[in-house]
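Trainee: Protein chains in written order, with our numbering: chain Z, 1 to 358; chain A, 1001 to 1358.
To be clear, the hints were calculated from the coordinates, so they are not data collected in a lab.
Note that the structure is predicted; figures quoted are calculated from it, not measured.
Mixed in with the good hints, there may be bad ones.
Within a straight-line C-alpha distance of at most 25 Å, the following computed DSS-like cross-link-like pairs (lysine-lysine) qualify [as the list claims (entries may be wrong)]: (1) A/Lys-1100 - Z/Lys-100; (2) Z/Lys-100 - Z/Lys-124; (3) Z/Lys-100 - A/Lys-1124; (4) A/Lys-1124 - A/Lys-1100; (5) Z/Lys-124 - A/Lys-1100.
2 protein chains.
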Amino acid sequence: MSPQHRGYSSVQDRPATLADVAAASGVATSTASRALSNPGRVNAVTRERIERAARELNYIPNSQARALTSGRTRAIAVLVSDVTNPFYFGIIRGTQQQLKAAGYTQILVDTEESDELEDGMLHKLRPSFDGAILAASRLTDRRLTALADEVPLVAINRQTRGVANVFIDTPNGVEQAVGHLVSLGHREIVYASGPETSWSNERRWRALVRAAEGYGVKALRVGPFAPRQYAGAAAADAVLHAGSTACIAFNDLLAIGMLARFRERGVDVPGDVSLVGCDDIFGADFCNPPLTTLTAPIEQAGRTAVAMLLARLDDGAAPITRQAATLPTHLTVRASTGPARAASTAEPTPSTPPKGRG
Amino acid sequence: MSPQHRGYSSVQDRPATLADVAAASGVATSTASRALSNPGRVNAVTRERIERAARELNYIPNSQARALTSGRTRAIAVLVSDVTNPFYFGIIRGTQQQLKAAGYTQILVDTEESDELEDGMLHKLRPSFDGAILAASRLTDRRLTALADEVPLVAINRQTRGVANVFIDTPNGVEQAVGHLVSLGHREIVYASGPETSWSNERRWRALVRAAEGYGVKALRVGPFAPRQYAGAAAADAVLHAGSTACIAFNDLLAIGMLARFRERGVDVPGDVSLVGCDDIFGADFCNPPLTTLTAPIEQAGRTAVAMLLARLDDGAAPITRQAATLPTHLTVRASTGPARAASTAEPTPSTPPKGRG
DNA sequence: TTGAAAGCGCTAACAC
DNA sequence: GTGTTAGCGCTTTCAA
Chain Z
1 MSPQHRGYSS VQDRPATLAD VAAASGVATS TASRALSNPG RVNAVTRERI
51 ERAARELNYI PNSQARALTS GRTRAIAVLV SDVTNPFYFG IIRGTQQQLK
101 AAGYTQILVD TEESDELEDG MLHKLRPSFD GAILAASRLT DRRLTALADE
151 VPLVAINRQT RGVANVFIDT PNGVEQAVGH LVSLGHREIV YASGPETSWS
201 NERRWRALVR AAEGYGVKAL RVGPFAPRQY AGAAAADAVL HAGSTACIAF
251 NDLLAIGMLA RFRERGVDVP GDVSLVGCDD IFGADFCNPP LTTLTAPIEQ
301 AGRTAVAMLL ARLDDGAAPI TRQAATLPTH LTVRASTGPA RAASTAEPTP
351 STPPKGRG
Chain A
1001 MSPQHRGYSS VQDRPATLAD VAAASGVATS TASRALSNPG RVNAVTRERI
1051 ERAARELNYI PNSQARALTS GRTRAIAVLV SDVTNPFYFG IIRGTQQQLK
1101 AAGYTQILVD TEESDELEDG MLHKLRPSFD GAILAASRLT DRRLTALADE
1151 VPLVAINRQT RGVANVFIDT PNGVEQAVGH LVSLGHREIV YASGPETSWS
1201 NERRWRALVR AAEGYGVKAL RVGPFAPRQY AGAAAADAVL HAGSTACIAF
1251 NDLLAIGMLA RFRERGVDVP GDVSLVGCDD IFGADFCNPP LTTLTAPIEQ
1301 AGRTAVAMLL ARLDDGAAPI TRQAATLPTH LTVRASTGPA RAASTAEPTP
1351 STPPKGRG
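Using the sequences and the hints given, assemble the complete structure.
Mentor: Here it is, written out as structure tokens:
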């Protein structure tokens, strides 16, 4: 580990500091500092000399030290409730893109669906980031509002008073989905519910109820289920037990899990049961059958959230910018939805003679 | 934004510092520091007093300041070449888990398959993390070795002299896959190649060649293709053009993309072509047909990499611990592989009369 | 066992 | 324009 191996200047065996750069270019550190971060406020010639020295010494600003004085870390925390869920891949990707473009660093935190972990991490890491993006926060409204007062925050899919947010309008999509199912002749729609602590879950269910009322069809609900593939088996069984011909699932992950269980039980999709997912995650287009779902602009949501957050940070304390954005979803019809059968008990044995129904 | 809204002590409108805690408990900051981070070296009674004060003041250590003096940030950078690729979900998840358990923070960086970005980010962020995990590095051996001398590093799926690594033994899996295909009667196997800069890609291809030789069957290669779903169309076409009945793809993402194209062209899988993927990513089990693939312990690789890295960091400069780990893969046979046809030109039109072949 | 004091690398007043 | 001087919050000698 000789100096030259470590990529440092050949003179000293440690990374160059601003002081080194200043010394090398015969100016005070403050001047070097200005030259490097406030180029306008320094003589062009001196600046160039300093910049050259910095380059030659392979100088890298120490962001910790910078953060200590400036109070800004140029890092943004992104909190997701489950890194495993493909929905968040989109968020991670969208935020990552936009952050990198702005020269910010992404601190990724998995809150494991726990409000305590979410709150705790936010506090523990507070001095390490300039702002946070909460994708699907599990915090209570009260807590979230309080937090937004302490930390620059943007929530995704969570509308709470006083909290900037990006909202993917899945509820509107759910209405479209109900319309689609009704047009296929379905008269009763089950909602396979997600976690009770999920704000989106409640919104989707309410949208379904409202739409069902509007169309004069019946809405019912089974669950709650974990928003995971493995929970699909239980959800599918519950739907079958309910005896409806159509189901809208809280999200695609659950829906994909249901698909497997339906096949296992000999239930044809969409012949016996039509199934609609939410989000259009990776996999929704190539599962079997491909899933009719509500396509959500997930990455876009991530990008927008970052844009909102950074705009706020850069404006200082003045939140001139829009504090809420709504992104539309649309229904993508694939092979998992089809005409309702005359018989709608959705029995696994197709040999059962059709029985008329409501 | 009154003090009480911000969750601070009611006395001052800013987060409590160590000095505040010290003052509140009537000791010097140095004592408070010791009590909080070196509990052994302080009187039990004083320590408790200090701890209580810290709790009451809602004291959170400032990691930037701590990093400045100690040189340790308790953050680890995880570099992936494409956050979009489900393979890395496993890495992200595995590392996230293990890091959180150890009280470390994860800095996630997407290098976009670019060696320059990889190198650049590693340098730029150098003072911000204690070590880095490179999942599928695109750097040259030379560069990587040099880097490992400057930065505590663990590479995943990249074996280079002087660089600690976790290696998922997919090449061995490829041999199993070849055996499987041979046992199904296939006499020629195409490899749908991934990026040329990928070390894994070369290793897999070489394993295929070796195994093919061992079995006395023919091996050929098409590509390179981007390791993405969209590249599957081109890959499938190339395989069809090559006329083989069996294909091993660089990874599942590519394989899943190929599946769609085969269907589009009326080619039956596995009737006309058998297809094997690599990694067993999310989706490999529910695509249509489900993919025969090499199941890789991806999350485990992430966890192991973190364990190796942290062990090294904690031991100080002494790398007593193992600097390399090999994780086995196994062949998971699903529906995308089946018996070879007598005719092996794999023409999209099944009506073509079978022609004998090599 | 504890305190005083010196910095880590940088920015930001404030002078000149 | 540029230099001087204080710190940011913490750890860590070194004394006591």
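Trainee: With reference to the structure, classify each hint as holding or not holding.
Mentor: Hints versus structure:
1. A/Lys-1100 - Z/Lys-100: holds, 23 Å
2. Z/Lys-100 - Z/Lys-124: holds, 24 Å
3. Z/Lys-100 - A/Lys-1124: Holds. Z/Lys-100 to A/Lys-1124 sits at ~12 Å (cutoff 25 Å).
4. A/Lys-1124 - A/Lys-1100: Holds - the C-alpha atoms of A/Lys-1100 and A/Lys-1124 are around 24 Å apart, at most 25 Å.
5. Z/Lys-124 - A/Lys-1100: holds, 12 Å
Hint violations for this structure: none, all hints satisfied.
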